[in-house]
Amino acid sequence: MIEDSPFVAAAPVLVPMPAERPYTYAVPPGMRVVPGSIVRVPLGPRQVAGIVWDGVVETVDPRKLRPIEEVFDCPPIDKAMRRFVDWIAQYTLSAPGMVARMLLRAPEAFDPEPWIEGLQRTLAEPDRMTDARRRVLETAEGGLAWTRSGLAHAAGVSSTVIDGLRAQCVFETVMIPPRPVVAAPDSGHAVPELMPDQKAAADKLRSAVAAEAFNVTLLDGVTGSGKTEVYFEAVAAALDKGKQVLILLPEIALTHAFLERFQDRFGAKPAEWHSDLPPRMRERVWRQVAEGGVRVVAGARSALFLPFKELGLIVVDEEHDPAYKQEDRVFYNARDMAVVRGHIGAFPVVLASATPSVESRVNAGQGRYSRAVLSSRFAEAALPDLKSIDMRRAPPARGRFLSPILLEQMQRTLERQEQSLLFLNRRGYAPLTLCRVCGHRFGCPVCSAWLVEHRFRGQLVCHHCGHNERRPEACPECGTLDHLVACGPGVERIAEEVVAHFPEARTIVLSSDLLGGVRRLRLELEAVANGEADIVIGTQLVAKGHNFPGMTLVGVVDADLGLANGDPRAAERTFQLLSQVTGRAGRTGKKSLGLLQTYQPDHPVMRAIVSGDSEAFYEREIAERERAALPPFGRLAGIIVSATTRAEAESHARGLRRTAPQASDLFVLGPAEAPLSLIGGRHRFRLLVQGERRADMQGFIRAMLADGPKLRGSVRVQVDIDPQSFL
Numbered sequence: 019m020i021e022d023s024p025f026v027a028a029a030p031v032l033v034p035m036p037a038e039r040p041y042t043y044a045v046p047p048g049m050r051v052v053p054g055s056i057v058r059v060p061l062g063p064r065q066v067a068g069i070v071w072d073g074v075v076e077t078v079d080p081r082k083l084r085p086i087e088e089v090f091d092c093p094p095i096d097k098a099m100r101r102f103v104d105w106i107a108q109y110t111l112s113a114p115g116m117v118a119r120m121l122l123r124a125p126e127a128f129d130p131e132p133w134i135e136g137l138q139r140t141l142a143e144p145d146r147m148t149d150a151r152r153r154v155l156e157t158a159e160g161g162l163a164w165t166r167s168g169l170a171h172a173a174g175v176s177s178t179v180i181d182g183l184r185a186q187c188v189f190e191t192v193m194i195p196p197r198p199v200v201a202a203p204d205s206g207h208a209v210p211e212l213m214p215d216q217k218a219a220a221d222k223l224r225s226a227v228a229a230e231a232f233n234v235t236l237l238d239g240v241t242g243s244g245k246t247e248v249y250f251e252a253v254a255a256a257l258d259k260g261k262q263v264l265i266l267l268p269e270i271a272l273t274h275a276f277l278e279r280f281q282d283r284f285g286a287k288p289a290e291w292h293s294d295l296p297p298r299m300r301e302r303v304w305r306q307v308a309e310g311g312v313r314v315v316a317g318a319r320s321a322l323f324l325p326f327k328e329l330g331l332i333v334v335d336e337e338h339d340p341a342y343k344q345e346d347r348v349f350y351n352a353r354d355m356a357v358v359r360g361h362i363g364a365f366p367v368v369l370a371s372a373t374p375s376v377e378s379r380v381n382a383g384q385g386r387y388s389r390a391v392l393s394s395r396f397a398e399a400a401l402p403d404l405k406s407i408d409m410r411r412a413p414p415a416r417g418r419f420l421s422p423i424l425l426e427q428m429q430r431t432l433e434r435q436e437q438s439l440l441f442l443n444r445r446g447y448a449p450l451t452l453c454r455v456c457g458h459r460f461g462c463p464v465c466s467a468w469l470v471e472h473r474f475r476g477q478l479v480c481h482h483c484g485h486n487e488r489r490p491e492a493c494p495e496c497g498t499l500d501h502l503v504a505c506g507p508g509v510e511r512i513a514e515e516v517v518a519h520f521p522e523a524r525t526i527v528l529s530s531d532l533l534g535g536v537r538r539l540r541l542e543l544e545a546v547a548n549g550e551a552d553i554v555i556g557t558q559l560v561a562k563g564h565n566f567p568g569m570t571l572v573g574v575v576d577a578d579l580g581l582a583n584g585d586p587r588a589a590e591r592t593f594q595l596l597s598q599v600t601g602r603a604g605r606t607g608k609k610s611l612g613l614l615q616t617y618q619p620d621h622p623v624m625r626a627i628v629s630g631d632s633e634a635f636y637e638r639e640i641a642e643r644e645r646a647a648l649p650p651f652g653r654l655a656g657i658i659v660s661a662t663t664r665a666e667a668e669s670h671a672r673g674l675r676r677t678a679p680q681a682s683d684l685f686v687l688g689p690a691e692a693p694l695s696l697i698g699g700r701h702r703f704r705l706l707v708q709g710e711r712r713a714d715m716q717g718f719i720r721a722m723l724a725d726g727p728k729l730r731g732s733v734r735v736q737v738d739i740d741p742q743s744f745l
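19 is the number of the first residue of the sequence shown in the numbering used here; add one for each residue after it.
I should point out that these hints are in silico values taken from the structure, not numbers from a laboratory.
Where is the CB? At the ideal position from N, CA and C, for every residue including glycine.
One or more of the hints may lead you astray.
Simulated restraints on C-beta separations [to be verified]: (1) Arg347 to Gln435: 47 to 53 Å; (2) Lys405 to Arg524: 22 to 28 Å; (3) Ala142 to Gly260: 38 to 44 Å; (4) Asp714 to Arg410: 46 to 52 Å; (5) Arg197 to Arg524: 49 to 55 Å; (6) Leu579 to Ala412: 50 to 56 Å; (7) Asp620 to Arg418: 21 to 27 Å.
List of simulated lysine-lysine pairs, BS3-like, C-alpha gap at most 27 Å [stated by the list, open to error]: (8) Lys259 to Lys217; (9) Lys287 to Lys222; (10) Lys343 to Lys327; (11) Lys217 to Lys287; (12) Lys259 to Lys287; (13) Lys222 to Lys82; (14) Lys222 to Lys562; (15) Lys97 to Lys405; (16) Lys562 to Lys609; (17) Lys562 to Lys287; (18) Lys222 to Lys259; (19) Lys728 to Lys217; (20) Lys327 to Lys259; (21) Lys327 to Lys287; (22) Lys609 to Lys343; (23) Lys609 to Lys405.
Construct the entire structure; sequences and hints are all you get.
Put into structure tokens, the structure is as follows:
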């Protein structure tokens, strides 16, 4: 009987593992838990953190249950966030425990931050007065408590001066609460003067915040139109209502410049949240978000899973960016999940972009989202003149990759002491290295991909699994020396060509895999913005929201690159990327030019970019999506089956295909080898499930997996609802 047990209750606890449902634990007498409580529970031989979940526990004799060991002194995860976890798990067909795991990534934050030992002025006077002591006493006037090092720094003295005063009881020891990770933002700190169209858009966003209800606004403005200043007004309105704000950014490297702009507007920086944050800072941010001390967070997609106490607005900047898609363990798109989070929490969401996703444009066109348009640049700065260079008529010199037309414009730009940007979305020196004697190609030993030469590092690198090896002097196949040749260009090879043409120019390469990581990248972006480089050569990293005041020429080295694959989003992605990168030019009002090197000048994407007629491009792309019943007019899911042997992967994929339910509104394509059929030593087969917009995709796939062959050996199955990548 339960009455005879030392435990008086049981509770469902969701643990951070691939569990399909919460586990039941006994609650010891005197312990109080509520849904959302973060607890420590035994799981096998380990102790793990879990969340007390909603729902009725199974009828189990509590004597057979293991007890909850501890309830952390931490604000409970609120009901809206618990519903959000359940929704994502159901939608993405992920285990709820794996979604909850993303909530519990700062375990040291579950206990309160320790108070800090500080000093406070007493009525006592020192036995003698010196200049250093006088400065300390003047600094400490007003009765505020100081840390020892903080007081010494503020007074400009050594810590021994502080110790001497404390020894004479001039200061007494007090405990100070933990410092905020950032100061509180002030919504009235530096209110900007907005242009008429900016003011109209800002008024629309303020009204959305004032409604205190779920709504989505697409802030659609050309590059340089001041979208950030506009959505800052929505942030200010939310702060005035006592709400917390989350601003999602697609790239860590963007964060530094954004923080400066935020501080200029609000007098304090927002808290940061991304993978490059030191562990201790992550824990402090997590805790202070949960307690409500942090009012604004600027972060990467994982910031969606911070336990906000009073979240009242989410802004998704560069909402079209593929970086918002997570493709590891739990597959989700942070843009779409931000909209879901707003719906569950009944608060507004702002999606901002100069090149919105087709999905967002359709939602705005159909009235599900409202749309605010900024059609001109801030302060009437002109958009760059855009022209295509037909590479069939103006080809580069033999063995080179830059057209004479582009080189001539770069020379003119240098003479005007302005900056040029060359964009090529290929890292490294060359995408392929081969032997001219025997034809041997250097491929990854565990992926179906070529090794990319990185000449700066003297390495051949796989960009899919990370395998790397030294670039040899001789061919490993035939042994011939000095006959290895690089095929095709990467940014390093373009840099080599630029230096040969313009040896006096200050040239810089910007790529995410350069040595020094994010810190170096931030410094180099800052150097470019300060005019410390003449020619910048970069990958897609340079297309993402940077403001380079001196840049008046943008050259796209290979505008056709993104079109050469079977991705149904290829045209959209190419249009977005090229529009964004050419938008780096002329942002401060100087006359500017964008040149696109292409072998397909008549391609609809190229015509749309050069003409500046984005509406025509969207109309055409939306019509094609609707005709093919592709998202957002239909539903799509990818299923990747992988195994250490090709036979295992293929057999399991075919078994899944045979057990697909019969449905009139859904059908299965495949299985077929994935375009990248081998990654990290695992063979990959892909099935695509396509269907009507209102089809029950999740139920269909769930039945398919339940009736299909059981996972055996090395076989793994990954489900990607609404896939963004087709590799």
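Hint check:
no.: 1; hint: Arg347 to Gln435: 47 to 53 Å; result: holds, 50 Å
no.: 2; hint: Lys405 to Arg524: 22 to 28 Å; result: holds, 26 Å
no.: 3; hint: Ala142 to Gly260: 38 to 44 Å; result: holds, 42 Å
no.: 4; hint: Asp714 to Arg410: 46 to 52 Å; result: holds, 50 Å
no.: 5; hint: Arg197 to Arg524: 49 to 55 Å; result: violated, 41 Å
no.: 6; hint: Leu579 to Ala412: 50 to 56 Å; result: violated, 18 Å
no.: 7; hint: Asp620 to Arg418: 21 to 27 Å; result: holds, 25 Å
no.: 8; hint: Lys259 to Lys217; result: holds, 20 Å
no.: 9; hint: Lys287 to Lys222; result: holds, 25 Å
no.: 10; hint: Lys343 to Lys327; result: holds, 25 Å
no.: 11; hint: Lys217 to Lys287; result: holds, 24 Å
no.: 12; hint: Lys259 to Lys287; result: holds, 19 Å
no.: 13; hint: Lys222 to Lys82; result: violated, 58 Å
no.: 14; hint: Lys222 to Lys562; result: holds, 25 Å
no.: 15; hint: Lys97 to Lys405; result: violated, 53 Å
no.: 16; hint: Lys562 to Lys609; result: holds, 21 Å
no.: 17; hint: Lys562 to Lys287; result: holds, 20 Å
no.: 18; hint: Lys222 to Lys259; result: holds, 16 Å
no.: 19; hint: Lys728 to Lys217; result: violated, 58 Å
no.: 20; hint: Lys327 to Lys259; result: holds, 14 Å
no.: 21; hint: Lys327 to Lys287; result: holds, 19 Å
no.: 22; hint: Lys609 to Lys343; result: violated, 36 Å
no.: 23; hint: Lys609 to Lys405; result: holds, 14 Å
Hints 5, 6, 13, 15, 19, 22 from the list above are not met by this structure, while the remaining hints are.
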